[in-house]
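Please build the complete structure, drawing on both the sequences and the hints.
Protein chains in written order, with the numbering used here: chain A, 1 to 119; chain B, 1 to 119; chain C, 1 to 123; chain D, 1 to 123; chain E, 1 to 97; chain F, 1 to 97.
Some hints could be false.
Here are the in silico distance ranges between beta carbons for each label pair [stated by the list, open to error]:
{"hint": "1", "chain 1": "B", "residue 1": "Gln55", "chain 2": "C", "residue 2": "Glu74", "range": "26 to 36 Å"}
{"hint": "2", "chain 1": "F", "residue 1": "Asp70", "chain 2": "C", "residue 2": "Thr109", "range": "38 to 48 Å"}
{"hint": "3", "chain 1": "A", "residue 1": "Glu29", "chain 2": "C", "residue 2": "Pro95", "range": "41 to 51 Å"}
{"hint": "4", "chain 1": "C", "residue 1": "Lys112", "chain 2": "D", "residue 2": "Glu79", "range": "31 to 41 Å"}
{"hint": "5", "chain 1": "F", "residue 1": "Asp80", "chain 2": "E", "residue 2": "Asp74", "range": "51 to 61 Å"}
{"hint": "6", "chain 1": "C", "residue 1": "Glu103", "chain 2": "D", "residue 2": "Glu79", "range": "57 to 67 Å"}
{"hint": "7", "chain 1": "D", "residue 1": "Met1", "chain 2": "F", "residue 2": "Ala71", "range": "16 to 26 Å"}
Listed below are the simulated DSS-like cross-link pairs for lysine-lysine, each with C-alpha atoms no more than 30 Å apart in a straight line [stated by the list, open to error]:
{"hint": "8", "chain 1": "B", "residue 1": "Lys33", "chain 2": "B", "residue 2": "Lys49"}
{"hint": "9", "chain 1": "E", "residue 1": "Lys54", "chain 2": "F", "residue 2": "Lys54"}
{"hint": "10", "chain 1": "D", "residue 1": "Lys112", "chain 2": "D", "residue 2": "Lys64"}
{"hint": "11", "chain 1": "E", "residue 1": "Lys43", "chain 2": "F", "residue 2": "Lys43"}
{"hint": "12", "chain 1": "E", "residue 1": "Lys43", "chain 2": "C", "residue 2": "Lys54"}
{"hint": "13", "chain 1": "D", "residue 1": "Lys112", "chain 2": "E", "residue 2": "Lys49"}
{"hint": "14", "chain 1": "C", "residue 1": "Lys53", "chain 2": "C", "residue 2": "Lys112"}
{"hint": "15", "chain 1": "C", "residue 1": "Lys89", "chain 2": "F", "residue 2": "Lys54"}
{"hint": "16", "chain 1": "F", "residue 1": "Lys49", "chain 2": "D", "residue 2": "Lys53"}
{"hint": "17", "chain 1": "E", "residue 1": "Lys49", "chain 2": "C", "residue 2": "Lys53"}
{"hint": "18", "chain 1": "E", "residue 1": "Lys43", "chain 2": "C", "residue 2": "Lys80"}
{"hint": "19", "chain 1": "F", "residue 1": "Lys54", "chain 2": "E", "residue 2": "Lys56"}
{"hint": "20", "chain 1": "B", "residue 1": "Lys70", "chain 2": "B", "residue 2": "Lys83"}
{"hint": "21", "chain 1": "F", "residue 1": "Lys49", "chain 2": "C", "residue 2": "Lys112"}
Calculated directly from the structure, the hints in this document are not laboratory data.
Glycine is no exception: its CB is placed at the ideal position from the N, C-alpha and C atoms.
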Amino acid sequence: MTFGILILEGPYNHQASDSAYNFTQAALEAGHKIQGIFFYHDGVYNVAKLMEPPQDDRNIATRWAELAEKHDLDLIVCIAAGKRRGISPEVIIPHVRIDGLGQLSEICLEADRMVTFGD
Amino acid sequence: MTFGILILEGPYNHQASDSAYNFTQAALEAGHKIQGIFFYHDGVYNVAKLMEPPQDDRNIATRWAELAEKHDLDLIVCIAAGKRRGISPEVIIPHVRIDGLGQLSEICLEADRMVTFGD
Amino acid sequence: MARDRLTKIMFMCRQAPYGSVYAYEGLEVMLIFAAYEQEYAAAFVDDGVFDLKKDKDSSGIGMKEFSTTYRVMEDYGIEKVYVDGQSMKDRGLTPDDLMIPVEVVDRDTIAKVMAEQDVVLPF
Amino acid sequence: MARDRLTKIMFMCRQAPYGSVYAYEGLEVMLIFAAYEQEYAAAFVDDGVFDLKKDKDSSGIGMKEFSTTYRVMEDYGIEKVYVDGQSMKDRGLTPDDLMIPVEVVDRDTIAKVMAEQDVVLPF
Amino acid sequence: MLHTVNKSPFDRSALASCLASAQPDDHILLFEDGVFAAKAGTKYESMVKEAAGKYKVYALGPDLQARGIDAIVDGVEICDYAGFVALAADNVMCPWL
Amino acid sequence: MLHTVNKSPFDRSALASCLASAQPDDHILLFEDGVFAAKAGTKYESMVKEAAGKYKVYALGPDLQARGIDAIVDGVEICDYAGFVALAADNVMCPWL
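Right, here's the structure in full:
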């Protein structure tokens, strides 16, 4: 089975990003495929590379980049939502691309299931 | 009368930043003083200088910087909340300083009134 | 393609405009999606019914008035637009208060349409 | 200084932990503020009463468990901690469920304390 | 005391919680999505009308206009940002976020 | 259909709105702050118990543990992330955000 993941909230402020991460990990462990992970609304903040949480806390951006590298995931930040919020190519983590909402449409068509996390 | 302003949500996603801006303008027009404007929680995203909203929309970061310059306002981003979210000195607008929660405490003590905007 | 037919996508609009960006950025999604030929429906439920309220003027809060764009939904291929009658009633709204002609239905009708979808996106 | 006496500050905690960061970052505010000698009170109302629930284990969601830090509130000079009885009752909680001894009061008592404050900060 | 409510009463508990805490003659300002409570003809009309009898209840005009709300509950007063500033100058604010 | 609810029923309308839309035998997963609805002894216990009779209602274990909830409403089933994945694989998801 192929999942598409849509993340609508930013890191730390809401649990959405954590839930999406835990879900994605569990889906991969169960042998499912991830068609793509799309960041929209404040979700675009998840990939800001300058995050420096306290040492005993998770680094949400780094964690996404590592998961993407390990499983060759397609992480996409919405260009319109990102521009509005100051998320541009120079401030994002590796393994992420910035692209349009058409990519979210593609994920909806290609994936067997869409799973959305937000507030 | 002296107001302290606390902003707890980021730009665009919630109206908090707009309401705070409109309130601050009205307070200045009425001849009041602004002791300081403190950005906490996702509020720290308000000062990200790379924002590029559509041309027919407001640029929330630029607007804060211009208001600060015009009225010599003290804009403070919480260092802990900012670090966690990737808001560091290289990505912020002019007329903003990054400092600790102690500054919020000072504003609460120095201002006659605290006014909070959030979600 | 995951399906050998058009994908059925429903936009579930439950948030009021201006207080948060969900309605506005949700509308952007609808308009972009419509360029891809699939089967679209939109449901306005709970505070989402306020999205369609006519005579909005956001100049006083310095925010962009976007809701007239809902008028192009139909032209963009979002042919089915459902509005929840109970949500309207709770909020003192009648079809005359809305900017587009809509089908006011009960929650059960919306639920049954929802049950036919491949994707439900919330805004 | 705006006042020729200690400033009275109340932290109004209405949000549950983990689902959003408000409780956690609110606690950070309380601890830093306590370093400044002023008069502090904290009220736990609505879902805020869940902040004080004992026996939390957040390891399964990969988030930091922070709520044991509420235990140091008193040592840090936040001497008055009020918990709303109706909020507790609605949520099926008794004082035994909480990690610290608290004063369970009614909303009217909290409202009267609130009326004496110079600053009310919401988390 | 100035209570501020910026949440829709249809979705959030903020207004109910505010009303449980407000004291006689307190001021309550509805703004942002909070102004939906001030709309006439909603299922909360009688609750808000009763509140307007006990407290001074205001709704922020620019937020009403943005949402296309013209008829409001009897007893609720419309104010602008200058009025909001005046209320905040005269009262300690309790924000029901 | 898998309905997901991540909001506290004490603060938000999401669960009520979900229950107004759910069809017999639909699945409802409570997670994040949604798990407060699964707690035993709350004012929503009878509502959730009734829902658990009509639909398949689950609560995410890790979210219950994080919030210190041990006793849950009769009829609600605890699942883990693997169970969440299995439910999402078997059903189209409707998120009540």
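Verification of the supplied hints:
1. Distance hint for glutamine 55 of chain B and glutamate 74 of chain C: a CB-CB separation of about 27 Å, consistent with the stated range 26 to 36 Å.
2. Between aspartate 70 of chain F and threonine 109 of chain C the CB atoms are about 40 Å apart, so this pair conforms to the stated range of 38 to 48 Å.
3. For the pair glutamate 29 of chain A and proline 95 of chain C, the beta carbons lie near 50 Å from each other, so the given range of 41 to 51 Å is met.
4. Distance hint for lysine 112 of chain C and glutamate 79 of chain D: a CB-CB separation of about 57 Å, inconsistent with the stated range 31 to 41 Å.
5. The hinted range of 51 to 61 Å is satisfied by aspartate 80 of chain F and aspartate 74 of chain E, whose Cβ atoms lie roughly 53 Å apart.
6. One distance hint, 57 to 67 Å for the beta-carbon pair glutamate 103 of chain C and glutamate 79 of chain D, holds here, with the actual separation near 59 Å.
7. At about 50 Å, the beta-carbon gap between methionine 1 of chain D and alanine 71 of chain F misses the expected band of 16 to 26 Å.
8. The hinted pair formed by lysine 33 of chain B and lysine 49 of chain B meets the criterion: a straight-line CA distance of about 26 Å does not exceed 30 Å.
9. Of the pairs offered as hints, the one joining lysine 54 of chain E and lysine 54 of chain F is violated, with about 42 Å between alpha carbons and a cut-off of 30 Å exceeded.
10. Restraint check for lysine 112 of chain D and lysine 64 of chain D: not satisfied, since their Cα atoms lie roughly 35 Å apart, outside the 30 Å limit.
11. With a CA separation close to 22 Å, the supplied pair lysine 43 of chain E and lysine 43 of chain F stays within the 30 Å bound.
12. Between lysine 43 of chain E and lysine 54 of chain C, the direct Cα distance comes to roughly 20 Å. Compliance with the 30 Å bound is thereby established for this hinted pair.
13. Taking the CA atoms of lysine 112 of chain D and lysine 49 of chain E, the gap is near 24 Å; set against the 30 Å cutoff, the hint holds.
14. Restraint check for lysine 53 of chain C and lysine 112 of chain C: satisfied, since their Cα atoms lie roughly 25 Å apart, inside the 30 Å limit.
15. Only pairs whose Cα atoms come within 30 Å are accepted, and lysine 89 of chain C paired with lysine 54 of chain F is accepted, the gap being roughly 27 Å.
16. About 23 Å separates the Cα atoms of lysine 49 of chain F and lysine 53 of chain D, which keeps this hinted pair within 30 Å; it holds.
17. Proximity of lysine 49 of chain E to lysine 53 of chain C is assessed by CA-CA distance (about 23 Å); at most 30 Å being required, the pair is judged to hold.
18. As the CA atoms of lysine 43 of chain E and lysine 80 of chain C are separated by approximately 28 Å, the hinted pair is consistent with the 30 Å bound.
19. Straight-line distance between C-alpha atoms of lysine 54 of chain F and lysine 56 of chain E comes to about 45 Å, which puts the hinted pair past the 30 Å bound.
20. Restraint check for lysine 70 of chain B and lysine 83 of chain B: the C-alpha separation of about 28 Å stays at or below 30 Å, so the hint holds.
21. Between lysine 49 of chain F and lysine 112 of chain C, the direct Cα distance comes to roughly 24 Å. Compliance with the 30 Å bound is thereby established for this hinted pair.
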